[in-house]
Amino acid sequence: MSQSELFWNAKLDEMKKGYTEDANQFICLMCGQTVEKGVIYPQGGILYEAQRFIRLHIEQSHGSVFEYLVDLDKKFTGLTEHQTTLLRYFYAGKRDKEVQEEMGIGSSSTIRHHRFVLKEKERQAKTLLAIMELLKERDHNAPSFVTPHKHATMVDDRYSVTTEEQEKILEKYFANGLNGPLVKFPPKEKQRIVILRAIVGRFDETAVYNEKEMNGILKEIYEDFVLLRRYLIEYGFFDRKSDGSEYWVKK
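So for the sequence shown, our numbering puts the first residue at 553; every next one is plus one.
Be a bit skeptical, because a hint or two may be false.
[Unchecked claim] Simulated crosslink set (DSS-like; lysine-lysine; CA at most 30 Å straight-line):
(1) LYS569 x LYS589
(2) LYS764 x LYS802
(3) LYS678 x LYS563
(4) LYS568 x LYS626
(5) LYS742 x LYS720
(6) LYS688 x LYS671
(7) LYS793 x LYS764
(8) LYS802 x LYS771
(9) LYS568 x LYS803
(10) LYS793 x LYS742
(11) LYS568 x LYS678
(12) LYS563 x LYS671
(13) LYS803 x LYS589
(14) LYS627 x LYS688
(15) LYS646 x LYS627
(16) LYS803 x LYS742
(17) LYS720 x LYS736
(18) LYS724 x LYS736
(19) LYS563 x LYS688
(20) LYS802 x LYS673
(21) LYS740 x LYS803
(22) LYS736 x LYS793
(23) LYS720 x LYS803
(24) LYS569 x LYS673
[What the hints assert, rightly or not] For each label pair, taking beta carbons as the anchor points, the in silico distance ranges come out as:
(25) GLY597 x PHE668: 41 to 51 Å
(26) LYS764 x GLU689: 46 to 56 Å
(27) ASP691 x ASP574: 22 to 32 Å
(28) GLU741 x ALA575: 34 to 44 Å
(29) GLU566 x GLY597: 25 to 35 Å
Derived from the structure by calculation, the hints contain no laboratory data.
C-beta atoms are modelled at their ideal positions from N, C-alpha and C, and glycine is treated no differently.
Let the sequences and hints guide you as you build the complete structure.
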């Protein structure tokens, strides 16, 4: 399971904690870092058991789960930039009057109205979640959709791909298997996203690549490696330094 799938398949309480677990390890939902159970981890002269260490990792690497979640693109949170700012103030424990003064908008009653709107969104989200959980129990004909990657630049019909469709696309364009070369770069965006997602699997998600290393891996996949590199950035699969000296998989 990819790191994006791990994140989106997590339960609500796991998202709140920022990590999930299996029989052998704890896994950070933000970056995929794993911590093996039963192992004692030293950090700063202190010994930590595995579960405490994954929490420490989240604190040191991601600040807080709250900050990570509100920083997600609005296509995933459903929040406007204004609402995200308000939530940050509320999370910091600011009073309505303090929020109003710092944002320079309306009055305290304006801030209370925004709180009410956010509570309405919470009720709607809970209701929809319950509806979808009940639907999953009964709708045995529902196709299995591929989870969009977390940094998708725009989630629309291009990401409406079933696992069956994905298999067919990969078989068509990677005739010799996923470790082989790309037959050609597909013309349709939906197909391109499937292909780019597969290409990301050829990279180490924890590594940082210089341009030569990046090009070397892409050349083995397709002759027009510059095209692949551009689309990996454009579709939000990779990030890079502004001077193009370093590239890494976006987590």
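Structure-based check of each hint:
Distance restraint check for LYS569 and LYS589: the Cα-Cα separation of roughly 17 Å lies within the 30 Å cut-off, and the hinted pair is therefore satisfied. Distance hint between LYS764 and LYS802 is fulfilled; the C-alpha atoms sit about 19 Å from each other, no more than 30 Å. Our distance criterion of 30 Å between C-alpha atoms is met by LYS678 and LYS563, whose separation comes to about 13 Å. Distance restraint check for LYS568 and LYS626: the Cα-Cα separation of roughly 18 Å lies within the 30 Å cut-off, and the hinted pair is therefore satisfied.
Restraint check for LYS742 and LYS720: satisfied, since their Cα atoms lie roughly 12 Å apart, inside the 30 Å limit. Annotation: proposed proximity of LYS688 to LYS671 holds, straight-line Cα distance about 26 Å (limit 30 Å). Only pairs whose Cα atoms come within 30 Å are accepted, and LYS793 paired with LYS764 is accepted, the gap being roughly 14 Å. Between LYS802 and LYS771 the CA atoms are separated by roughly 21 Å; this keeps the pair inside 30 Å, and the hint holds.
For the proposed pair LYS568 and LYS803, the alpha carbon gap of about 18 Å is at most 30 Å, so the pair holds. The suggested pairing of LYS793 with LYS742 holds, with an alpha-carbon distance near 27 Å, which does not exceed 30 Å. For the suggested pair LYS568 and LYS678, the alpha carbons sit about 15 Å apart, so the restraint of at most 30 Å is met. Among the hinted pairs, LYS563 with LYS671 is consistent with the structure: their alpha-carbon atoms are about 21 Å apart, no more than 30 Å.
A distance of roughly 23 Å separates the Cα atoms of LYS803 and LYS589; the hinted pair therefore holds under the 30 Å criterion. Note on LYS627 and LYS688: the hinted pairing holds, with a Cα-Cα distance of about 23 Å set against a maximum of 30 Å. The suggested pairing of LYS646 with LYS627 holds, with an alpha-carbon distance near 27 Å, which does not exceed 30 Å. Pair hint LYS803 plus LYS742 holds up; C-alpha atoms about 21 Å apart against a cutoff of 30 Å.
Between LYS720 and LYS736 the alpha-carbon distance is near 15 Å, which keeps this suggested pair within the 30 Å criterion. Proposed proximity of LYS724 and LYS736 is supported: the alpha carbons are some 10 Å apart, at most 30 Å. Of the pairs offered as hints, the one joining LYS563 and LYS688 holds, with about 15 Å between alpha carbons and a cut-off of 30 Å not exceeded. For the suggested pair LYS802 and LYS673, the alpha carbons sit about 29 Å apart, so the restraint of at most 30 Å is met.
Among the hinted pairs, LYS740 with LYS803 is consistent with the structure: their alpha-carbon atoms are about 25 Å apart, no more than 30 Å. Our distance criterion of 30 Å between C-alpha atoms is met by LYS736 and LYS793, whose separation comes to about 28 Å. Simply put, LYS720 and LYS803 have alpha-carbon atoms about 26 Å apart, close enough for the 30 Å limit, and the pair holds. With a C-alpha separation of about 21 Å, the suggested pairing of LYS569 with LYS673 holds against the 30 Å cut-off.
A hinted range of 41 to 51 Å holds for the C-beta pair GLY597 and PHE668, which are about 48 Å apart. Taking the beta carbon of each, LYS764 and GLU689 are about 52 Å apart, inside 46 to 56 Å as hinted. The hint said 22 to 32 Å for the Cβ distance between ASP691 and ASP574, and at roughly 27 Å that hint holds. For the pair GLU741 and ALA575, the supplied restraint of 34 to 44 Å holds, since their beta-carbon distance comes to about 39 Å.
Distance hint for GLU566 and GLY597: a CB-CB separation of about 30 Å, consistent with the stated range 25 to 35 Å.
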